[in-house]
Amino acid sequence: FRLTVTDTDGATNSTLANVTVLQVPDYPPEANAGSSIVLFLPRNNVTLNGSLSSDDKGIVSWEWTKSPSDQDKAVDMQNTRTPYLELSHLEEGMYTFVLKVTDNSGQSSSSDVHVFVKPPTNKPPIAHAGSNVSIALPQTWVVLNGSGSSDDIGIAQWKWEQLSGPRKAELSHFNESSTNVTNLTKGEYIFQLTITDGNGNSVADKVAVTVTQNKNVKPKANAGGDLELTLPLGVLVVNGSSSSDDLGIAKWQWSREPTSLAIGTIIEQSDTSPVLMVSNIVAGKYEFRLRVSDDQGEWDEDTVSIIVKPDPELKNLVELTLNIEAGKFTQTQRDSVLLKLGMLLRDASQLVVRNLEVDSSGRAVLVFYVSSPTGSVDGPKVVSTLKNKLAQDSFLLQLSVVDIRTTVCQNTCSGHGVCNQETRICYCEAFWMQDLIRKYMGDGESDCGWSILYVIIGLLSLAFLSIAGIWGLVCLCSRMCHTYPKDKTRYALLESTEQVKMPLSKTIQSDSETDSDVLFENRHGKSNGTKFRNGFKTDPRIKT
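Quick note on the UniProt record's numbering: the sequence shown kicks off at 1 and runs consecutively.
Derived from the structure by calculation, the hints contain no laboratory data.
List time: in silico EDC-like cross-link candidates among lysine to aspartate or glutamate, alpha-carbon distance up to 20 Å:
| hint | residue 1 | residue 2 |
| --- | --- | --- |
| 1 | 73 | 86 |
| 2 | 218 | 301 |
| 3 | 218 | 302 |
| 4 | 381 | 393 |
| 5 | 328 | 359 |
| 6 | 381 | 403 |
| 7 | 285 | 311 |
| 8 | 215 | 300 |
| 9 | 100 | 26 |
| 10 | 66 | 92 |
| 11 | 159 | 205 |
| 12 | 118 | 72 |
Can you build the whole structure from these sequences, using the hints too?
Here it is in structure tokens:
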């Protein structure tokens, strides 16, 4: 390249620069087929490793072949285009294999490896499982040592196993020269040690272990210790397997104490096994007694107390009964219902599913509670919220809802009754009854808000007032509908003096009286002041 420069006066000058491009050297690869291998029949397979081959820019191809001089020798070759060649069905003799590696420039390199296949050795390994052992109870373990075994080329594999015995023993490190045998009981055991050398030759040896009992020791029962649990519990598990006996426990028997709760079902006949399992657990105190016996009739007992606390979320649990058979309710439908329930509740709330049950009619019942950052939401509040929203659209959950209610009836029945858990109807105490106004005109909730005594008094008062009102109306109507005629005044002629009868009352004349004396006569009659019934005022009548 030439560079020319010119100044302001027009003077110029030039110079040359040479750039030489050199080719980066590409070194040929270096093949490495690995070290020679010696095999002893009956072992007739091996894997050759050529991964130690290298190249400065990377190897692009691998190729394994047999040496031209070994073309007539039988052998199966697999993965010939990889760094690892798998050989099988080798025969006695020497094999030569060639590894050729090539880089991306086409340069290659080769390496040979020899495989020597020799006949099997005539010296098999010698197994020695040790001397026979005798122990006495209460010792229930023994160590078996097979380190006295030998082989001319080395032992490749150890294996301990039990051939016979009163019961199955437990062997730890069964693939080593020594093993620890536990869980022994009275009787004779036979154990076998099998060793294998590098050529696949194997041999076995046996050892006997005799367990005797000098004195019978009664078993020791251990029911597992007292427990304190909290509902919900699917199954209550009480573990008595820590019980022990020098000879071995022959019988297990669990029983319920008289003071224990009776509720709870023993499953899988576990009351005759070391581990007791009880379902349908409720809150309260359970007490169980474990009795263990040995073959010689000795026994021991232990008791365990389990305190089951109530579910802390019991009053917040809500049961949503769906109108679908439980046998047709799929996981997809369940997830969809939970998603929509979460949308109906507040955003900050979290719906926690406790269980999926089946009611008496076979319908699916989803049991859950709602948790918020401040704690669990009251069950009645959740029920009220969902009922109000589902009342607007009953198909918000896609599946129709049969019932929504709390798991536990929280109706106090006005303090005068007990709520039935299944029907949610209040069973009232004596002299109390349902509030009929609330039942037929209110929210329809069952309660015991009315006193029967007050209801009877009210009904009698209402009946009396009704009768009095009806009687008053009848009387009023009678006065308005009927008019009574006034009595006519009747007059009569005055009789003569001679014909006048003796008056009802009179005054007897004395000697001093004359004919001119006045005789007064009163007519008695009902009067109203100075007026008679006809309304006229009369003066006293004077008779002379």
